[in-house]
Amino acid sequence: MTMAMQNFTDNWSPFGFDVYYRKFELYQMGWQKFNVDISDFAIISVAKNGGNIVVVRDDRKKQPPSGPEVPHTTALIRPNIVVFSAAGRLVWQFAWNSGPLMQIGWSTINELVCIQDDGRVLLYDMFGTFIRTFGTGQEAADVRITDCRIFENKSQTGVIVLTETRKFFLVSNIDNPTVRAMGDVPGGNTPSLFRRCWSVVCSEKDINVYITKDSDLYCLNKIGQVQEIPSGISENTKGFVALSASPNQKSIALVTAEGVVVIKSLEDVDSGAVCQFDAKCPDNQPKQLAWCGNGAVVGYWENNGSHILLMVGPKKDWINFRFDSSVHLVPEIDSLRVITRDTHDLIQKVPAVTMQVMKVGSMAPGAYLLEACREYEALSYKADEYLKLVKPNLEEATMQCIDAAVQEFEVSMQKLLFRAAAFGKTFLENKTAVTDNFVSTCKYLRVLNALRHYLYGMPVTWRQFQSETITSLLDRLVARRQFELAYRVCSYLELPASQGVSRILLNWSSYKMNQRNESDEDVAGAIIGKLEKTPGISFAECARNARALGRLSLAVELLEREPSAQLQVPLLLEFGKDELALSKAIQSGNSDLVYDVILYLKSKLGTAEFLMRIRSNREVFALFVKYCKEFNPKLLRDLFIQEDWRSEEAFTFIPESFEALSVPEQLSALQNAVERFDHAKDDFNKKITEDQIKLIRHQVKLEEKFAKKFVGLTVHKTLEALLQDSQWKLAEEFKKDYQMSDRHFWFLKVEVLARLKQWEELEKFMRSARKPVIGLEHFALAAHKYGNVVEAQKYLLKVDDEQKLRCMLKMGMLDEAADLAIKQKDPVAMGAVLDKCRREDSAVTAKLQAAKTGLGYT
Amino acid sequence: MVHIDRNVINFLTFKERARKDLLKCIDDCPGTKALVWDDYLIGPFSQLADYSVLQDHQVTRMFTLAKSEFPSNMDFTSMIFLVRAELKIVKRIAKFLSKAASVKKASLPKIYVCFVPAISSVCQKALIENLPAAAQLVHEFRACPVGAIPLETDVMSLEHENSFRGLFLEEDPSCLHHLTIAIKDIQKVHGVIPNIYGKGKYAKQLIDMVVKHGKDAPNSEWNIACRFDNLFIIDRTVDLITIMPTQLTYEGLIDECFGIHQATVRLPADKFPNMGTSSKNPDQSESGRKDAPEKKIILNSSDELFTEIRDLNFSAVGPVFSGKAKFLNAKLGERFSAKEVAEMKEFVAKMPHLLSLKQSLTTFMTVAELIKPFVNNDNFLESLEVQQGFLSGQDADKVHPYIEQLIAQCEPFDQVIRLIVLQSEVNGGLKQPVLAHYKRDIIHSYGFEEIVSLNNMEKAGLFRTANKKWFRMARDALKLFVEHSDSSASKDISYIFSGYAPLSVRLAKHLVFPGWRTISDLLEVIPGEKIEAKQKIPEHLRKRRNSISSSVSSAGEEPAVVSLVVYIGGVTYAEVSALRHLSNQEHTSSIFYVLTTEMLSGTALIKSLKETMKTTVF
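From first to last, the protein sequence lines are chains A and B. Taken in order, the first sequence gives residues 1 to 858; the numbers are from full-length UniProt numbering. Taken in order, the second sequence gives residues 1 to 618; the numbers are from full-length UniProt numbering.
Just so you know, these hints were derived from the structure itself, not from any lab. Values in this document were obtained by computation on a predicted structure and should not be read as measured data. You may find that some hints are simply not true.
To be verified - List of simulated lysine to any residue pairs, SDA-like, C-alpha gap at most 20 Å: (1) B/Lys614 <-> A/Lys736; (2) A/Lys602 <-> B/Asn130; (3) B/Lys459 <-> A/Gln587; (4) B/Lys459 <-> A/Arg646; (5) A/Lys717 <-> B/Lys88; (6) B/Lys91 <-> A/Val625; (7) A/Lys836 <-> B/Lys91; (8) B/Lys125 <-> A/Val625; (9) B/Lys201 <-> A/Gln587; (10) B/Lys88 <-> A/Gln587; (11) A/Lys686 <-> B/Ala436; (12) A/Lys634 <-> B/Lys91; (13) A/Lys736 <-> B/Gly447; (14) A/Lys836 <-> B/Asn130; (15) B/Lys125 <-> A/Leu599; (16) B/Lys125 <-> A/Asn632; (17) B/Lys459 <-> A/Arg637; (18) A/Lys316 <-> A/Ile696.
For reference, chain B alone in the conformation it holds in the complex (with noise of 0.2 Å):
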């Protein structure tokens, strides 16, 4: 990122010690070692240890419990189960062990569970009672005590999957025990932060919880100057807004179009000709399932021109593809006209860099080929439209045709109910009807099953009949909303959205600047309790800061304000790059970092409360 010059706090500095927690507690187990993946940790932890590094602490076969079967040859000492602590996962270890009850005990391996990130007894004895030889079977249950993940220099999370549904569904905190837990590994590394806003009931709960834990763990442990001045947390639900209107960054619409997990995007290889295959990784090793060869791409601040990209409205990607081109032609031309050694040697020396620049200019200008039919698609921009037209105050309040006629013409559900969310949360809600016919509609086109899913989404908030009109005030106080006629000139972080500027971003911007008190009505009327709290810090770990009126004569030398902001529920790449856009503006000095529960799209949403109906065909 570019501001990590201007501050000292990088998170890929926790990463080395998840790492270590992750290899110590493969290094525990004795012998040669079988790992047994929970599918969902495959993609976190390959960020930690690829296959390479396991085998070099004696990592000798792989399995999934999705797609392998208990195997027959067991010419390793241990087995080692790396598991979500969740009920969800005790059916699915409990076939994968089932296997093994009938095996003579003798020609089995040890076999250990390790929850992640911590022991969960209620996962263990749900084992056991579904299957009783557990007990027998597993030599013991550990913890492996991987929490949240950098995926940035400014990111972390929990990767928790469908965190949103969990909590706001299925009332499940476990989420912010964890982020508790990231929140003090930051404190205990960065400081005791000693500013927290917070607004929406869960970060309340949050809140408590972290003050908690602030009080319990003394001073004299925690004996480090402050680098973070605000937390920030921010209950999902308070912006849902800004999940459902498509993202139209580089990265948000790659995340849009083929999803991004882990930082990586999968597509089909074959547009990728003369690159290098995607190397070996667990789902392919024994799960003997061929897939469509597959490129792996790497999304993070490692390549220097994606980190240059990733950020930008897509419009604007076009002219720095073509800079760049331009830039590479010029500098590799030179070789022709290096006659002295000198000159030759220095272009040499330049090579590596100018070749990996090619490269990536490759790869990325592919990966915008690739996005380019979705964007050019009529779908695609008339949805825009609509988008942008709810939320620059068009009329909300009736059905709206072209969400009916996407459902008429059973296009994606999750497109159709983003839509739907995205009308019911600028209107405060729709009126009881217009819902109806909705819903209605929805099952006649995507069957009757979608009356469990649409129940979970009236449950978990996304369609609310409460009839509160706050957006209007909202999007006129902290302009959400600006007509651009150029998008990529603008320096306003509105051009994410080609218009829209995040709800959640605007809160964030404004605690640091002007302060919340200068919108203190409009925080009342935004739906979700309003926290502030202190923590206290003593003196002289506290940042020092000039007093105001030398901060006015040398404005230049203030240290940047920074902030963490906890999304609970999950954060869209968009989201997170307009934060950055905050942190990259020179005249500001404000810095923002982002923990969450997940790394968030509106459709990944909209599927994690989707309900999928065991049918049976008779």
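For reference, chain A alone in the conformation it holds in the complex (with noise of 0.2 Å):
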């Protein structure tokens, strides 16, 4: 290999056979200006995958060098608390005023964990606005904490606490905080519990606490059992100075007073250690112990104002890294962060593709393939060479170098390795798999160096990317007030708006809210100006948090945007803006929802104030009525009268009228709708209703007379059975009393007397009128329909000629319509008469055929 490829390897440290481990540096901190020393803090607690840091100075004197390690018992007063992010940058900083404050911690969304002396938990997000407290029992607020770790347990925050009487309390997760108190240590009460000598283990079962006292190890568990677990060091020691789990929990590590750092598995916790290692350090405590990933763990020492990290694996292979000032060691999933007053340095263990592209010597494909751009850009024929023995594998090749770019923090590193990818891409037969890899890959790659500037500070590295979801990772942009590049992400990767900027955006808003010092009105136009040029926003989301906090009018304002009224109105109804509600809802055209607010309004009001409320708007109040008419007839009733609509009122007596069970509660009914159409002064349905009582009672007394049911007939019907008795006078006077029509009577005697068969009394009724009031046709219709052709004939002879052919057609004599119509020269009546013709009636056709053709129609 050529001298050019040693400088990729140039921070790499061996660890042991075929392992490296690289430091470099993330950040040169930006609080060097505020004259930081990492010693000066009191409290320092950096959140994970790259997160801020948070500080507290001790703002007493510094601890008594001399003596060991002293229980910090002492709480902090009125610290300030101070926000930076990986970068050093200053974000927020606040005073505490609560009560004496004993430590500050990150949950997994990113709030502030702090925790009293007295054991109460408060959360804050990182600008210091409060968001809830919760305490961690009696116990713990009665004797005081003396220490307390806030942990994290399957995406969710656990806090626990330790109590001055030796007893924890857990909480495992602080959103549903329950108080558990865990196993006591045997023979508690020793002053030997060290600060560093504890540690929580979670797994998938259970939270645990390892401690040690003395040289004795114990588990306890959260149902209060104790465990002692043989610590499996071979040589007796005075007692142990550190305990610290593993990333992913399946080891401790341990100092003995003696210097010696041991590791142990949890798996298989009844077999001795993995390793033990002396570091030769027996005076010293560790002043931290953190694992880096799950390879190999890392102690703290400073001795005499140097400041040694020695970090040891599990096979006693071992790394020096000397700093000149105090450090802090926060630990990650996949590598070890080091904080200075100076600088921000990352531990990692090299990656395996980037070995296998970027180790001296290496003949994975990709290493070859990188060697082969690099050539070519050289513009050397040996890419050619290079190019060949890669072509086997070239996919594999192309694949690593993508795999090995994601993984380096520095651009340019990215640069080459993508170029060497994308070189090899371009000699590859089928490059859809590779070319989508390649840029989603790049895209996300993007992302992550955008988050890696200084000015964001987030160093996250490729697999902690990779172990959370987008979504954590732009709510944590949230969490920072990252608005804008948490939106240009979303829209960069074209996430969905509900996840991605529409989200973001009521997020936003949300903050805007909080914006107490803002008027509603600037409020508001602020965030309508920005949310409505997004699809798919939810104002009545954004309405919510605006009441939550406490801004009605503010999110009255907002809901006003809401364009869905199915969301609109129930949250106005909740906002206690019941007219608003009613008149959204009626504008919508939703029936549904405007049932919602009346049905809402009479669960609320009185029924007097409900009725009043109701007739404020017709729409509403025809919606009501139809409910009522459906489930409350009584109340549509009371409504009528509050309304004073004295004809509707009226007509709901008629369907009571008859479903009545007697004639008296008939009538009743009856009279009941008389009086309010008196009262509306419909004359009309007064009378017809009048005369459907006098209607009943003269078929009451008629039932009597003739022993035959009359109650429920028709005017027409009673008549008509009055007739078919031959009553003519009692039928006559019935006509007259009950006004009906000339013609309708004539009508109807023409037609029964017809059935009746009575032709003299027919031929008499013809002649008790001067003209008769219907046309003679219908008498003799009505006597052809009940067969009486001579009667029919008698009658037809008076009927004009007009009426004579369609009279004639009905009766189905064609042979007289068209000799009539041929009479009258009239080929429409021709026509006519031509229709109804039928096959057997060829005469008749024949008869009329030769008249049109003689009257020149064809």
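Work from the hints to combine the two standalone chains into their complex.
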């Protein structure tokens, strides 16, 4: 390999066989200008996956240097809490104004978890906005706590506190804080419990505390049990001085008072220690013990002003790193961050793919491809030779270069490796899979580069990036109020609006609403201006947020923009804006929504008030009437009474009259209707209803007289029955009583007389008026209908010509009709007759055809 | 339809979506299923999925709310109620479910109540109020989002029962809401419709809603080139006239005589010997009721012959039949003349087509025979004459003797009312004494209970007493009545009613050409607000039109003007036919599509407003 290759591996340190670790600088710390030093901090906590740093300066004198580590029992009274980005840029600071502060840590969603010395936990966002609080039990509050830990368990945040009485109390999820007591350490009340000598280990099933007491190791579980674990070390020790669990929770590392680093697997606790390594620092206890991924543990010793990190692996491999000021170690799932006053470094195991591509002398396809590309760029013929070597595994080589690229923080390195991948890709025959990978990886890496930028200071490794979802990453940006970046990431990655831009904007709007000093109008204006341009944004949700923040008028204003009435109306009701809810519901045209409001008002208001409210709008009123008709006829009548709608009220009695169980009941219902019609000055309906009452009474009498069913018949049917009984006189009176029209009466009587075959009576009836009220054709037709041709003919003679033809046709007298039409020389009439002719009427047809032809029609 | 190849819009494509929505609703409930149908939905939904399809989706049993009892044998996992989201359905569900309340909970299936087309909280609440046990019995209330159903390539309908009554009598605007959604759905597929016109009170309200919806949906989401030019929304009360006379098209007459429901007519099966009996359908299953055997005939464009005759005046159908019969005879005769193998082969290839033509010819000729007695009836002819009289401008001021005669002879109520409404409409309302005379007469003949029906009709605007004589002016300006010597020859739409051209259709036609500006005076006189609105459309999505100058030179190239006509309150088959005639006329290039709340006939309208009393016999 060429010399040039070497510089890739400059920062690599060998760590046993074919394992390398590398350390590189992430940032020059921006906080240098604040003149800080790690040793000044009473508290320093760093959020995982490249998260922010929160520090609390120790405003008291430093701990006395002499003596062993003193349990930190004195809490900080009024400290300043300062949040920095990983690049040391000041994010926010705020004064602590609650009780004495013990510890601050980060929750999984980047809230600040602050623990007071009374065990009370307070959650703040990183901008000092209080979120909520909970306690860790009475005992902690009574006796104070001496130590605590904030840990992650199944993507949730847990808290555990250690009281002065040496008891552990656990809250396994701060979102649902229930307190449990852990088991007690045997012989509990000894002062040798050191702050560094315990750790929380979360397994699939359980949450345990591993703790050392002198030279013993115990495991406490959350149902109060205690188990002694053999520490597995081969030599006697005075005791342990530090304990730390690996990121995967499968191993712990311990340091003895004699300076021996011990690594022990938790998967098989009865076996001995995996490794014991004498750090040769017997006088000094480590200041911090932290894992670097799962493959090595790092102890930090300070010795005569020099700061040494000793990294030890399970196979007793080791590396030293020296720093010239105090450091703080931040274990990550795949690496270790080292923060000092000047720099922020990352130590990680060199990823396998990086080894393949960049290790000196590597024969992996990716390594050849990288070399080929470099030669090609140097315009060297050797490019071709390397390419030939890699040709059989070109796809693998390309993938390796892509995979190696994402492991780099240095953009020039990323570019180099991507160029190699692109170079390899051009020679691939089937490149779609590779291309897709190339493009999407490139996109994500760009996002990572943006996050890692000094301005944002999120040094997320590829592994970390893959370990969390894009949504949670965006949530972290939102928690940092980096809305614009989050927005751009969403649109760059073309995420669906609901997961992406809409969500970000919604969060942004909540932030905006929290600006209490800005007026509702300004906030609404700003929010609407931004949100309106984005499709699929939910103003309803936005309004709900505003309401939750107590900004009602802002909420209403935002809700005004919600296009879906379905979302809008229920919220307006929730906000107590009934009036507006009602008008929005009406505007939507969705009656179901209107009913929602109506029923809500009905349940909320007294009946009287409710009815008053309902009347204000015609459409609402109509819908409520419809509802009442179906379910509450009684209320309906009240409604009409209130409105003084007498006519409507009257009509409610009519179905009642039909459902009545007796004649008096029926009459009384009708009488009620009459009164209402009278009130309403509805003379016509009043008269009709009065007539009906009269009719029923009349019919009752008739029933007595004729011992026949009359009640329930119509005027027409009653009359028909009377005529059928030849009660001419009664019928005549009856007709007058009910103002039946003459024509109606005549039609009826003619029909009945013909039916009764009372031909004389029929003729008498015809003559009863000077001019018959209905045409004589109806007499003829009636006679014909009941089979008396002679009578029919008799009337037919007196019918005028136009009607006569019609009449003849109806009576099927085609021949006569034809003659008449021919006589009248009327082609239309002839046509009418022809239309009626069937095949068997050929004689008539012929006659008509001839006549038509004669008249010049064909 | 004939014009389908001239245009890419085919409403039947919406069917697939509706089908998916329905089946998803069913699939979302676990295990084997029993369906409990709202009886009214059986028709529309059988258009989407027949019983065999439902069986494929694990439907094992079917019940109907009206005719079935709660089953005692519950060998299914889920019970799904498919019901309209309407108040009147609530008591029926409660009644059906009340039996379940006494059954042990463990042996009950999971009960789902699926509201069509959207979940209704008022129905939900009312159900629980009526049957408190329902709160526990019903596992979940859901929506079955099947809205408008395409009945034809050019017709979509909400199939909303009694939509006219709902809107104009009960003043419940739910239909408008569902129309808005249907219009939105159409716009999502065929682009935003730029020009909106409307006539009538509810048209205004609907347009407001459509425009608001349009504004709320950013253009990026509806990124589809416009296919429609005009949206014309008409409130049914603007044109009540057209519903009243008897429809005289083939399809219209089938509706008048037998009633068409969801493009299906049921006729006595014994008239159709040697034809397949109808398949199993929900109202026959488990209802325990045996109806007289019925033949279901599907009336849609899948049948070539029906497509040809449906829009013709009934008098013109006969010649088509005889033409087809001759054609068939000739073609079928070829089998004897065919000598060569190749000829035989050709003949055999044509066989299926010929046989299906023969089959449908037999069917539709039989249907025509069944209609004949109605049409040849003296009453029918006389009634027709009176209708024509009113429409052609005869005096309609006084009590009409023929109407009086019909009442005195107790002829069907709807027939009487249709004539009275027609008289009232052409006369611009009736004089108070005339109306009172009719009303009294009606009560004498049909009984006191009709006082409520008459009141309903008056409230819904069927009888007007205001005296505004606009019809004469409209008739002259829009040529609403044209005398024909021969009804089959004319190309004008007036031929649909043997002389009368439907007002709504003339208005739609004038919209496209020459434009409403030319009749603005008339539009002021015709009752109901006139509305015009525009929807903004990004330049690149607009329909390309040639400039005016070039259109003169190449008129044939000009894309057709496509309009969607929305009827609020229902449309008749005759009107649809008339619009199709316009679409199919070769010299104009305008195409019409129809969206309606339901298919309507005068009789159906009157029946919907009639009130039936629950009479107790004491």
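Quiz item: Can the restraint linking B/Lys459 and A/Gln587 be considered satisfied, given a maximum Cα separation of 20 Å?
Solution: violated (23 Å)
Practice problem: Take the C-alpha atoms of B/Lys88 and A/Gln587, compute the straight-line distance between them, and say whether it is at most 20 Å. | Solution: Outside the cut-off at roughly 24 Å; violated.
Exercise. For the pair supplied as a hint, A/Lys634 and B/Lys91, confirm whether the alpha-carbon distance does not exceed 20 Å.
Key: The given pair, whose Cα atoms are some 17 Å apart, holds under the 20 Å limit.
Quiz item: Holds or violated: are the alpha carbons of B/Lys125 and A/Val625 at most 20 Å from each other?
Solution: holds (17 Å)
Practice problem: Sort out whether B/Lys91 lies within 20 Å of A/Lys836, counting only the CA atoms. | Solution: Between A/Lys836 and B/Lys91 the Cα gap is close to 53 Å, so the pair fails against 20 Å, i.e. violated.
Quiz item: For the pair supplied as a hint, B/Lys614 and A/Lys736, is the alpha-carbon distance within the 20 Å limit?
Solution: violated (30 Å)
Practice problem: For the pair supplied as a hint, B/Lys91 and A/Val625, confirm whether the alpha-carbon distance does not exceed 20 Å. | Solution: It holds: about 17 Å lies between the C-alpha atoms, which stays within 20 Å.
Quiz item: Within a Cα-Cα threshold of 20 Å, do B/Lys459 and A/Arg646 meet the stated pairing?
Solution: Within the cut-off at roughly 15 Å; holds.
Practice problem: Would you mind confirming whether the straight-line C-alpha gap from A/Lys602 to B/Asn130 stays at or under 20 Å? | Solution: Judged against 20 Å, a Cα distance of about 16 Å means the pair holds.
Practice problem: Decide if the proposed pair is consistent with the structure: A/Lys717 and B/Lys88, CA atoms, cutoff 20 Å inclusive. | Solution: Distance ~34 Å between A/Lys717 and B/Lys88 Cα, so the pair is violated.
Quiz item: Given the proposed pairing of B/Lys125 with A/Asn632, does the C-alpha separation stay at or below 20 Å?
Solution: holds (14 Å)
Quiz item: Are the Cα positions of A/Lys736 and B/Gly447 separated by 20 Å at most?
Solution: Distance of about 18 Å is within 20 Å: holds.
Of the numbered hints listed earlier, those contradicted by the structure are 1, 3, 5, 7, 10, 14 and 18.
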